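Using the sequences provided together with the hints, build the complete structure.
Here is how the chains run, residue by residue.
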Amino acid sequence: MISVPVILSVMFLGGVLAWLANRFVPKGASWTAAIIAAFAGYLVFALPSCGGEYTLALGSITLVWKSTNYSALFAMLVAVLGFLGILYSMDFMAGKKNLGYYYMNFLFALGAMLGIVYSQDLVSLFFFWEVMTWSSFMLVIYSGEEKSHKAGIKYFAYSAIGAYLILSAIVILYAQSNSFLLSENVKMFSGMSLGTQIMVISFLALGFGVKSAMMPLHVWAPEAYKESPSGFTAVFSGALSKMGIFGLGLVVFKFAANTEFFVYVRETLAWLGGLTAMLATFYAVIQSDAKKLLAYSSIGQLGYIIVGLALGTPLGIMAALFLTIMHGAFKAMLFMSAGAVYMRTGTTSLDDVSGLITKMPLTFLTALFGIISVAGIPPLGGFISKWMLYQALLETNHYFLIIVIFIASTAAFLYLYRFIFSLFLGQREKEFEHVKEVPWSMLVPMMLLTLFVLVAGVFPGLVLDPIGKAMGYLGNFKASWEPQVVFSAWGEKINMQVIAGTIGTIFILGALFIGFKNRKATRVVSTKDIHTAGEIPTENENLTYAVNFNQPFERAIAPILKWSVDKLFNLLGENLESTFEYLRYVYTGNGQTYAMYVILMVVILILFSGSIFGIHL
Amino acid sequence: MEFSPVLYIAIPLFAAFLIPLLGKVSKTLVKLTPGIVFLYLSYGSILLFPKAMEKPIVQVVAGFKPPFGISLYYGATAAFLITMVTIVGFVIWLYSYKFIIREPIEKYYMLFMMLITGSTGILLTGDMFNMFVFLEITSIAAYSLTAFLRDKDGAEAAFKYLLIGSFSSTFYLLSVMIIYSYTGTLNFADIAGKIDLIPPMAKGFVLVLVLVGMGIEAEMFPLNGWAPDAYSQAPSPVGAVFGGIVVKAGLYAMIRIVFLFFKTPEVMQFLIFMGILTLLIAEMAAMRQHQIKRMLAFSSIGQMGLVIIALGIGTMGSTSAALFQMFNHALIKSLLFFAAGYLVFHSGSKQIEDLEGLGYDKPVTSFFFAVGALAIIGLPPFSGFWSKLLILVSVAKAGDIAILLLILTGSVIEAIYYLRAVVKLYTRKEVPDNVRRTPISGLVAMGILAAIILYVGLYPGVIEKWLAPAANNLLNAADYIKAGLF
Amino acid sequence: MLYYIGAISLILIGMYAVLTKKNLLKIVVGLSIVDSGVNLLFISVGYVKDATAPIFSMPSLTADKMVDPVPQALVLTAIVIGLATTAVALGLVIRLYDHHKTLNINKIRQLKW
Amino acid sequence: MRKAIAILLLAIVGYYFINVFIHMPFGEKREGVGKYYLENTVKETGAANVVTAIVVSYRGFDTLGEVTVLFLAATGLGAILFGKRGEKRRLQGASVIVKTTSMMLYPMVVLLGAYVFVHGHLTPGGGFQGGAIIATGVLLMFMSYRHFNVSHNALTWIESLAGLTFATVGLIGLALGTTFLQNFLPLGTPNDLVSAGIIPIIYIAVGFKVGAELTGVLDNMLKTIR
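Quick mapping for you: the protein sequence lines, in order, are chains A, B, C and D. The letter at position 416 of the first sequence is residue 416 when you use our numbering, and the numbering goes up by one with no holes. The letter at position 273 of the second sequence is residue 273 when you use our numbering, and the numbering goes up by one with no holes. The letter at position 71 of the third sequence is residue 71 when you use our numbering, and the numbering goes up by one with no holes. The letter at position 151 of the fourth sequence is residue 151 when you use our numbering, and the numbering goes up by one with no holes.
Hints are computed from structural coordinates only; laboratory data are not their basis. None of the values given here were measured: they were computed from a predicted structure. What you were told as hints is all true, and nothing was included just to trick you.
With a straight-line Cα cutoff of 25 Å, these simulated DSS-like cross-link-like pairs (lysine-lysine) come out: (1) K567(A) / K424(B); (2) K21(C) / K3(D); (3) K152(B) / K22(C); (4) K147(A) / K424(B); (5) K112(C) / K350(B); (6) K150(A) / K97(A); (7) K147(A) / K96(A); (8) K112(C) / K152(B); (9) K517(A) / K359(A); (10) K65(B) / K35(D); (11) K65(C) / K29(D); (12) K112(C) / K22(C); (13) K21(C) / K152(B); (14) K429(B) / K150(A); (15) K97(A) / K424(B); (16) K429(B) / K96(A); (17) K150(A) / K424(B); (18) K65(B) / K194(B); (19) K97(A) / K429(B); (20) K397(B) / K254(A); (21) K24(B) / K98(B); (22) K49(C) / K35(D); (23) K147(A) / K429(B); (24) K567(A) / K150(A); (25) K187(A) / K397(B); (26) K263(B) / K194(B); (27) K29(D) / K194(B); (28) K65(C) / K43(D); (29) K31(B) / K98(B).
Take a look at the structure:
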């Protein structure tokens, strides 16, 4: 009998096992982890999507785990991405130190995510939430370098703030309802006072918002994504940040939906999501590091998802959940390909690497499908979610938001093109002549995901089916999107397969045509083959085309960039710390001063005893 | 012979008087004595535990009925805390076994044993003046142990501690005096019954004296200047005793007196206020520390603040949460001090900066430090999580969201500085080959603590079921009076 | 009554010394003065007019003509404890002087913040 | 500045302090445990000296603690000043008159001390006082003779054995099925030297212990002067 604790214990004990394996068998950790992840993945899929209930009484607190349709959706995402991430790591991480530590925390993180989605009570939700936070923190600081530690601390600090907000919401709820059970709290929520409702919803939304990198709480994300090992980044961006979405879904539809101010919650979140999408895209455009670029892109995509959720219409939710799955897949693809490039070249800087297309064709293909999907070009999965999102926005008359989203989507092309161009196209530097394609264990996950994105784009019904069920859990929503309905505005019925076929054919034909036509015309030149106003550049000048790729755009959005949330928070942090510094001067180190404090305390207590204790001396 | 609570005091005293003679025979014998004593006492305390949980055991000394003789009150709260103290005491002894290599070893073990015994006495006694005596036993042992390393800073820290500690004992003695002069008795239960004989003004003065005097021991904010110095300069196991045991005893003394004699809403409000002040200022100061043990000291103060807040709320839930937090803090802070002790020893420097790279060089010790850090922040699956959760729940139930947010602010700060230290440990850096290793006894001590922390984190029910009687015993003054005077 | 005021004055004088004197030895002396003040105060609390010491050395003495024995017993303990504290304090002062070559408390401030 | 603040603060404290005590009855008889002790001491403990009875019997546990405090102070001082042993003292030897007088006084002082603690249950005084007097005698010798030495070995033995006696007497009570420190000897006639059960035993032990400890403390401090 498969139940949730079985899955969780497989993951957690597996983590310990992987750590142990590393101590005794070389490469033991990676194989153990892969097997464990595969097995747990199998269990997740085998678990009935509505059931597997398990109750555990811990003293006065009862923990309940159960699989629901909603959690099944996220659990599958986690299980698949987790397995692929570990598979990818097997060769990616080969030869690195402390692999036991890496895989242990990886599996812990996966287990914690599964724990989160299966939790039916708030305590275990928070419990796993924190386990997820620290295990992912451990992976961010894995490299042991100064930079990764900075990123890690930043990540942890924001996560801690978020987590404690969630915790306070949980205890406020408990104080009112005397229960940690999700269902109980949802039931009683509408009966609580307005203040409580506002507090709980805003705390929860902010707390989950931190994890889903909602602006202005996103500042931890770029660096944390950049510093974590790529095998995990795929999971980090693809699945871990989705836990925030998972939570937001609960907040919006389980809690906020029962309040009078539901519409305000939705509007606020929608706008926050929209702004996130736009600003993050702008930031992504100006990045010169592949992983940071992808990180911002990831933030932007999560913005879309939040918009979709916040719209609250069936179509919006469906768009959001569909994008959740799709984003999990294509962002994992992109991070994996960036990781593959990193593995072979040792850098992810867009300014340094170029022209890898012939050396790493399959990686290029993955990246290509990835960016097509992000950009929302049919026939891949991204297109459908974008389409649904626009349609939902139109239906609910959010015209300004459409503009915002539209700007964001358009700007996305800039960075996406830069990503693929810088890494794979253009002239190849000499130092990259001997680059080889990555090993199969890394290609397999990338290819599988590519296939999935393609299939999901062509047969969206495959993914829409579990999503529809999940929506049923969130409320009485029904998933009823068919391409035909959309296109019926023009009085035509077209289905995805036809679009896919058409576009695919045109694409292949076009590629072949251009390929043949330009077969002779291409001339391979060195990047140094360039003259600037008659001057011959020196050897160490970086003249890759990708340098300052989007400079015009950067200039255009300069005013926005000046106002950086990150800087603002840093300033705040610094000021706070210097305040602390002054505060600790209370401890002067002079024993007599301390004695004076004691007497002072006595005097204060005596003089104000009337107002403090109600006893007049 | 049945185990009697008085043995908690008698056996260690006997052993302490015996140690100088044993020292003439063999040093190993001296080193083993406290371990045997604490092992036996933990065994006894576990035997006695269920009984005390059911019904307070009031043990008379010298055969005179209270209030005429001194009586020991071994109620559920005392049983809970003393069991914790003896077990933690045993583990700290285990750690000391190899850690203390400086002469005079026999004096160290005598003082160490008496430090813990004094704290036990504070928890155990049912007599106000007797508590003063135990307070002094604790203090004098603590002063001497703070200066045990005989370095410059140790003596300075000890002198400050002594200066402030004298104020504490003076104030406490004055309060005993005023109470005696009006009620004519020294037994807690008896005083509690006659407290109204004291005119309001004198009562207010006593309250001020007790709050300040015991506030010093419990490390309330403006009174805790001595604490960071003493914690950081004492040898690490002693730091663990301070943070894990001595403070708890001081706080228990204060809370016992306040709850028995002065339990008014205003006083409780005041406790909450002081708790918040203590928590926030200590956490802020801890964030800016450069020395690891000083940071632990401030964190310890902060945790005490948290406990004071929870006690100040004064509901059943919050009091049990506070006791749980005390228990967790004793274990976790000991673990942290243990690990920090060897880290400082290995790196040869007290600065956090210099810990770089030790995470790879001394993986096990560093791992225990990391576990302790995660646990004290209150991250699952460690025991610190549950107590923090229970405290927050009780705060929320009391309806004060502002306090809740302030506690969480403190927690965020705490999380940041602990992780900074942990991350420093795991910064890659070539460390000169260090042949010194953490001895097995130290690792076993840390391992025991870490195992308990993890076990309680996974099965909080083990501890939680005892919290209710313990909290009830602390809160319910009428029961105390009834049992104390039989 | 005057006894109370005298004892309290002693306590305050001692505290003043502890709070302001720069010399460590004077501070220790101050602590001792505080102790003595407290002890005297306690003894005077137990005082009963026209009563004798609580010792039944002669059959003519009766219980109702004796001072309260409890404060005396407690003060005995308190004196010893005060002595112990002073001894340790003096030991620390010796150590401090060894290390710092000064007894000025303002110069002994290695540990701060 | 500091002085002004200190005076101000202490003035406030003092004002309220006196304010509290001024209302306290002075010189009046009190109800409470004191009265009980006065009325029942002779009957219950057999000691003529009520203070001693309280110190050793009723509140014997306090005294055990008190002895421990002193023991700790001696130990602690030894720990703090450890490693300075054997450094040369720079005390000036005293004049012949002082030396001779000290020599003559020393045995008498010790005797007086012994008298005081042996008669603790009968007359004013007791173990602590007697021990302190003995230590004064030793101090006298320290002051007058440069090379006067006490045997540390002996001190340790006396200290430990005396402490053990106290603890053992207490534990015997427990072992006999009564309570810790409970009297198990016949009370005898009040005002006899051999009376009051275990009180004289304990007080003699305390006397030895306190004498030895104070001597140890003095020795420790003197030896460390450079």
